[in-house]
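Single-letter residue listing:
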Amino acid sequence: MRAYFGRRYSLSASHRLHTEALSAGQNRAVYGKCNHPHGHGHNYVVEVMVGGPVDPATGFVTDLTRLDSIVQARILDRFDHRNLNLDPIFANRVPTTENLCKTVFEILEESVAPAEMVQVRVEETENNFFEYSGE
Amino acid sequence: MIFLTRRATFSAAHYYWNDVWPAEKNEQVFGRCANRNGHGHNYTLEVTVGGDPDPVTGFVIDLKWLKDVMEREVLAAWDHRHLNLEAPDFAAGKLIPTAENLAIAAWKRLEAPVAAAGGARLSRVRIYETPEIFAEYRGEA
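Chains as they are written, first to last, in this note's numbering: chain H, 6 to 140; chain E, 282 to 422.
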């Protein structure tokens with residue numbers, strides 16, 4: 006039977022929303038206070054959901070310890086307590102939380118096999134969150 | 282189609298053990314969860330139903346009715362119980378009470394009563410084992 010397994014992780018990072026494609030004035034107009042020159046930070050919650058058949062021997066869709074170590078190595082070690090703008094993946098991609106969500110999905114997509122990546126949800130604050138399902 | 286979700290909480294004990302395997306393998310695969318004295322969680326059961334609002338009441342489903350069904354069908358069997366020893370879904374090594382299997386078992390308990398009520402259909406059952414760990418079942422084979 007196909008089921009889904011979800012796990013929530015926390016990471017704290019800084020970012021500044023700014024794109025070279027727009028003028029300074031346009032950046033300020035589009036991004037508002039998120040464009041302040043020295044950046045700001047969030048306590049992000051990253052929720053990773055994978056899917057697959059439930060292994061009849063273990064009752065698991067995925068091994069939690071293995072998923073934790075993949076997310077630790079590929080996501081938390083890379084982004085936690087960092088400036089997102091300085092990561093090469095955001096060199097030409099504004100580190101909005103939409104793009105962080107997509108980035109996390111793409112990084113994890115190939116490493117969680119045999120489970121399948123189903124959805125990444127990133128909560129930027131308690132009042133806003135973003136979801137990406139690979140569509 | 283509107284989806285409506287109701288939450289309920291329950292507390293239960295469990296451990297993970299596959300009778301077919303030797304003790305060493307159980308300990309290797311399940312780690313601390315293989316301690317046969319058991320341990321417990323405050324679980325959250327999240328039930329989502331989908332349907333169109335009734336033109337007269339505006340309801341997809343009567344929430345009080347859904348609450349009562351969740352209590353009668355799931356919580357009455359699992360709350361403040363040892364899942365491996367007392368819940369018929371898992372008793373006597375029938376099934377390992379992982380969050381995944383709890384989600385599937387809760388679905389099986391709820392599907393028929395929700396369908397019999399007419400209108401809304403069960404769409405998703407999610408079991409939170411801790412605030413950071415959950416499993417979900419959507420009725421797929």
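By construction, these hints were calculated from the structure, which means they are not laboratory data. Heads up, some of the hints might be wrong.
Facing chain E, according to a computed beta carbon distance under 7 Å, are these residues of chain H, among others [to be verified]:
1) Tyr36
2) Cys39
3) Gly64
4) Val66
The structure presented is a predicted model; accordingly, all values stated were derived computationally and were not measured. Don't be surprised by glycine CBs; every beta carbon is placed ideally from N, CA and C.
Cross-check of the supplied hints:
1. Given the 7 Å rule on beta carbons, the hint for tyrosine 36(H) is violated: about 31 Å separates it from the nearest Cβ of chain E.
2. At its closest, the beta carbon of cysteine 39(H) sits 28 Å from a beta carbon of chain E; the interface hint therefore is violated under the 7 Å criterion.
3. With 7 Å as the threshold, the beta carbon of glycine 64(H) comes within range of chain E, its nearest partner Cβ sitting at about 4 Å, so the hint holds.
4. Look at valine 66(H): its Cβ gets to within about 5 Å of chain E, closer than 7 Å, so that hint holds up.
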